[in-house]
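All chains, full assembly: derive it from the sequences and hints.
Listed below, chain by chain, are the residues.
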Amino acid sequence: MIAANNLDKRFGAVVAVRDLSLRARDGRITGLLGPNGAGKSTTLRILYTVLKPDSGDAFIDGHSVMCAPLAAASCIGVLPHGAGIYPNLTARENILYFGALQGLKRAAARTRAQQLIELLDMGEFAERRARGFSQGQRVKTALARALVHGPQNLLLDEPTNGLDVMAVRNLRALLAGLRDAGHCILFSSHVMQEVSALCDELVVIAHGTVLAAGTPEEIRARVGAATLEDAFVTLTGEGGGA
Amino acid sequence: MHAILTVFAKEFRENLRERRTMFSALVLGPLLGPLVFAAVTSTSTRVGMRESDQPVTVAVTHAERAPNLLGFLKQYQVLIAPVTLDDAAARAAVATHGRLMVLDIPADFGAHLADATPAPLTLYTDASNANGASQVERVRGLIGRYGQELARLRLVARGLDPLVLSAVVVRDVDVSTPQTRSVLALGMLSYLILLATLMGGMYLAIDATAGERERGSLEPLLTVPVPRWQLLAGKVLTTCAYMTMSLTITASAFAIVVHFSGLERLGMSVNMPPAAVLRLILYCLPMVPVGAGLMTIVAAATRTMREAQTYLGLMLMVPTLPLVFAAIMGLRPTATLMLVPSLSQHFLIMSVLRDEPLPQLYQLLSVAATLALGAALCLIAGRLYYREKIIG
Chain A
0 MIAANNLDKR FGAVVAVRDL SLRARDGRIT GLLGPNGAGK STTLRILYTV LKPDSGDAFI
60 DGHSVMCAPL AAASCIGVLP HGAGIYPNLT ARENILYFGA LQGLKRAAAR TRAQQLIELL
120 DMGEFAERRA RGFSQGQRVK TALARALVHG PQNLLLDEPT NGLDVMAVRN LRALLAGLRD
180 AGHCILFSSH VMQEVSALCD ELVVIAHGTV LAAGTPEEIR ARVGAATLED AFVTLTGEGG
240 GA
Chain B
0 MHAILTVFAK EFRENLRERR TMFSALVLGP LLGPLVFAAV TSTSTRVGMR ESDQPVTVAV
60 THAERAPNLL GFLKQYQVLI APVTLDDAAA RAAVATHGRL MVLDIPADFG AHLADATPAP
120 LTLYTDASNA NGASQVERVR GLIGRYGQEL ARLRLVARGL DPLVLSAVVV RDVDVSTPQT
180 RSVLALGMLS YLILLATLMG GMYLAIDATA GERERGSLEP LLTVPVPRWQ LLAGKVLTTC
240 AYMTMSLTIT ASAFAIVVHF SGLERLGMSV NMPPAAVLRL ILYCLPMVPV GAGLMTIVAA
300 ATRTMREAQT YLGLMLMVPT LPLVFAAIMG LRPTATLMLV PSLSQHFLIM SVLRDEPLPQ
360 LYQLLSVAAT LALGAALCLI AGRLYYREKI IG
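Quick mapping for you: the protein sequence lines, in order, are chains A and B. End of the first sequence sits at 241 in numbering that gives the first Met the number 0; the numbers just go up one at a time, nothing left out. End of the second sequence sits at 391 in numbering that gives the first Met the number 0; the numbers just go up one at a time, nothing left out.
It should be emphasised that the hints constitute simulated quantities derived from the structure, not laboratory data. Just so you know, even glycine gets a beta-carbon here, dropped at the ideal spot from N, CA and C. Certain hints may be false.
Stated by the list, open to error - Partner residues aside, some chain B positions facing chain A, computed with beta carbon under 8 Å:
hint, residue
1, Glu17
2, Asp114
3, Asp125
4, Arg214
5, Ser216
6, Pro219
Pasting the structure below:
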């Protein structure tokens, strides 16, 4: 369960996030949808405790990111933008490193890494050094790394960037499986099809503020648009003044 | 604590696989320094030998006017090359390095000798030609001795004791021992050791901060439930470990090179048994956190690996500046100077090589002051990790 309350964040003169509140519930996939530069990444970075908001607070399973960032961090798995992994470590070593940092015992981390390697179909490259991995292999490794400690909440920043069709389908199936197991999943995207194919809930943001939130159907109906895409264009067009 | 060790183990292993880190830590720094040192000392040894043993050639105009003088010079391995040059030609020959020196014997040389009045000689040399300086000195000295011999004989012929000309005698007492003399040649050794130590950790410091940010792996790392200072401590510790390896290899390599460098032939002896090598390493060890902290600060404050490399290249000079000052100003160890990191290590290295231990207070001051600076730098590096800019 993720709850953000009235987040504000500015970088110098640039306002990245303004009075932003959102909910992402357990057993749901929530999509953070917005055009480039809308503040999606900044919002996620605040939620996964890498940035501190100027005001407002966010709670991960009840742990404040302001007051108890480490407790909040232990409840989340993160797939940041770009999925950077260590080129001189094998895929398995990349996973085990984060397992150890998450506080898993060595044996537990090994078992868990093996499970994830099978789940994500990584057997072929698990023992290879990550230098020269394809984008798909990198994302899988980064995803396994994010899931190694079995977090209740999963935050993904544009996870399908650079993935081919099959990889995207596999990722969708994986996220749906996690949702059905009761996890809370929040991911950002600017791709409409991806969001409509996957999300139970939607938060549309532009210029750092929330324009609409609810199920895709609710949002479409509220705006009075024929499709979700039309709703998105209407929302961001009016809300952003662009 | 567990997280620090986890980061340490991972960074250590990952960099064992990074050819660039290994090259600069274990090959370039540790071996380049001793090799440069060996080349320089063995060359200066050879030059020194050549200059004292090998015959010198002097071009002489009108050699027939001073047969006795030239005969005297020949006894001392001076080769006479008779030439015919006027004043301008002699100057030109020396200026263009065609001749090292030209000795002109004027027409009235013999007449002056016969009259017992000062007999003029002209010696054309080029004082800016450092290569031949010692050979010119030798010839000048020999001519002077010839003149003294003649003067002595004249006094005896006049029934005077030649000693009347020696009103004062200076007795030269050179207290330098073989060890202290070789310290001049070893002056650059502390510089090379400190440089190699720093280089040992340079690429790792860059890779662990600026590199990690550039690869995009820093952000996920910062999402783990571990205080950032612990992540940084693991990285700094790894940098320290590689620097220590560099230091150990460098010091050992120097001990071997010094052993075979032929410094003994120059009348120098260098004291570097294993126990001295160990002391040298221990004295330099406090510089390790200083270097690691300094390099991590630079790498954390810069935006890209390339930028970090540029600044760190310059940064390698900083700890060597005190050594340059020490050399120029001829500084000697004092309690105050022992508070200056890198300079105090230089003094301690020299004390090991000279086998003249400095007071324990001095050793303590050096270790304490350097460690304090290292701790301060590491704290600053830790604070930089809490800046939001760190994720770029």
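Just pull the numbers of the violated hints for me, sorted ascending.
Those not satisfied are hints 2, 3.
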